[in-house]
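Our numbering numbers the first residue of the sequence shown as 210 and each following residue consecutively.
There could be a bad hint or two in this list.
Stated by the list, open to error - Dumping the calculated SDA-like pairs for lysine to any residue here, alpha-carbon to alpha-carbon at most 25 angstroms:
(1) K292 to L325
(2) K346 to T307
(3) K292 to E356
(4) K311 to T288
(5) K248 to G285
(6) K346 to L306
(7) K340 to Y253
(8) K346 to V272
(9) K311 to E347
(10) K292 to G313
(11) K346 to A333
(12) K311 to I290
(13) K292 to R335
(14) K292 to K346
(15) K346 to L325
(16) K248 to V217
(17) K311 to E356
(18) K346 to R283
(19) K311 to E342
(20) K311 to A331
(21) K292 to Q360
(22) K340 to P301
(23) K340 to I290
To be verified - Computed Cβ-Cβ distance ranges for the label pairs, DEER-style:
(24) S361 to E247: 18 to 24 angstroms
(25) T288 to M230: 29 to 35 angstroms
(26) W214 to V272: 49 to 55 angstroms
(27) V344 to R233: 48 to 54 angstroms
(28) V344 to D273: 22 to 28 angstroms
(29) T349 to A269: 32 to 38 angstroms
(30) Q348 to G294: 49 to 55 angstroms
(31) F228 to T288: 30 to 36 angstroms
(32) Q231 to A365: 39 to 45 angstroms
(33) A298 to A365: 29 to 35 angstroms
(34) L216 to D273: 50 to 56 angstroms
(35) A331 to S361: 34 to 40 angstroms
None of these hints come from the bench; they were simulated from the model. Just so you know, even glycine gets a beta-carbon here, dropped at the ideal spot from N, CA and C.
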Amino acid sequence: MRIIWVLVIWGMFVGGLTFYMQQRDTAAMVQPAAIHLEKAAGRYILSLTTTFTAEPDPFALMVDGESPAALVVRLGAHTIISKTGGIIAGEPVRVELTDGLKVGANELFIQASPPLQTTNGAQAVRVQLYKDEQVLKEQTYWAAPGENIAQSFRFAIEAEQEQDGHDH
Numbered sequence: 210m211r212i213i214w215v216l217v218i219w220g221m222f223v224g225g226l227t228f229y230m231q232q233r234d235t236a237a238m239v240q241p242a243a244i245h246l247e248k249a250a251g252r253y254i255l256s257l258t259t260t261f262t263a264e265p266d267p268f269a270l271m272v273d274g275e276s277p278a279a280l281v282v283r284l285g286a287h288t289i290i291s292k293t294g295g296i297i298a299g300e301p302v303r304v305e306l307t308d309g310l311k312v313g314a315n316e317l318f319i320q321a322s323p324p325l326q327t328t329n330g331a332q333a334v335r336v337q338l339y340k341d342e343q344v345l346k347e348q349t350y351w352a353a354p355g356e357n358i359a360q361s362f363r364f365a366i367e368a369e370q371e372q373d374g375h376d377h
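Between the sequences and the hints, there should be enough to build the whole structure, so can you do that?
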């Protein structure tokens, strides 16, 4: 009787595995639906102002021979800013966002590295996003003494309203 139970359990296991392998192959054949993202219209400028003179993090992990940056801004996998120096306290760093913004929710990853000597007070980065020279969103990110600033700056872009030219 034990032999029969072993064969039944073994048959269920092999049968289940065979069924799974067949279903996995058919699921891989399904084509994903095309995603249409509407590109944001207008001129977008990002402005970053630090309360510290940023410098590269000496403890940062070096990947693919890249030197660590003092200030990094990313939009998805696209690096918008990567500066190793020249970030002076109180002076805004401005960059025009030309690619990657879409209508709807967007997110920028911002990372800044204060110098090691400034461990006596909190540090901040003020982030401002302008659309056609008007402030769309602004936010300030703070870090405790001795910590780097690494935050996500989330914002939404509305679809442009078409004007029909009629005054009512």
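Here is what the structure says about each hint:
1. K292 to L325: Judged against 25 angstroms, a Cα distance of about 17 angstroms means the pair holds.
2. K346 to T307: holds (17 angstroms)
3. K292 to E356: holds (18 angstroms)
4. K311 to T288: holds (16 angstroms)
5. K248 to G285: holds (15 angstroms)
6. K346 to L306: holds (14 angstroms)
7. K340 to Y253: holds (5 angstroms)
8. K346 to V272: Not OK: K346 and V272 at ~32 angstroms, beyond 25 angstroms, violated.
9. K311 to E347: holds (18 angstroms)
10. K292 to G313: Violated - the C-alpha atoms of G313 and K292 are around 28 angstroms apart, more than 25 angstroms.
11. K346 to A333: holds (17 angstroms)
12. K311 to I290: Holds, at roughly 19 angstroms.
13. K292 to R335: holds (17 angstroms)
14. K292 to K346: Roughly 23 angstroms separates the two Cα atoms, so the pair holds.
15. K346 to L325: violated (30 angstroms)
16. K248 to V217: Measuring from Cα to Cα gives roughly 58 angstroms; hence the hint is violated.
17. K311 to E356: This hinted pair is violated, its Cα atoms lying about 32 angstroms apart.
18. K346 to R283: The given pair, whose Cα atoms are some 17 angstroms apart, holds under the 25 angstroms limit.
19. K311 to E342: holds (18 angstroms)
20. K311 to A331: violated (34 angstroms)
21. K292 to Q360: The hint holds at about 17 angstroms.
22. K340 to P301: holds (17 angstroms)
23. K340 to I290: holds (18 angstroms)
24. S361 to E247: 18 to 24 angstroms: holds (22 angstroms)
25. T288 to M230: 29 to 35 angstroms: Since the Cβ atoms of T288 and M230 sit about 41 angstroms apart, the hinted range of 29 to 35 angstroms is violated.
26. W214 to V272: 49 to 55 angstroms: holds (54 angstroms)
27. V344 to R233: 48 to 54 angstroms: With Cβ atoms ~51 angstroms apart, the hint holds.
28. V344 to D273: 22 to 28 angstroms: Between V344 and D273, where Cβ atoms are some 36 angstroms apart, the hint is violated.
29. T349 to A269: 32 to 38 angstroms: Violated, since T349 and A269 (Cβ atoms, about 23 angstroms apart) do not stay within the stated range.
30. Q348 to G294: 49 to 55 angstroms: violated (25 angstroms)
31. F228 to T288: 30 to 36 angstroms: Violated, since F228 and T288 (Cβ atoms, about 45 angstroms apart) do not stay within the stated range.
32. Q231 to A365: 39 to 45 angstroms: holds (44 angstroms)
33. A298 to A365: 29 to 35 angstroms: Holds - the Cβ-Cβ distance for A298 and A365, about 30 angstroms, lies within 29 to 35 angstroms.
34. L216 to D273: 50 to 56 angstroms: With a Cβ separation near 54 angstroms, L216 and D273 satisfy 50 to 56 angstroms, so the hint holds.
35. A331 to S361: 34 to 40 angstroms: violated (19 angstroms)
Consistency with the previously given hints fails for numbers 8, 10, 15, 16, 17, 20, 25, 28, 29, 30, 31 and 35, ordered from lowest to highest.
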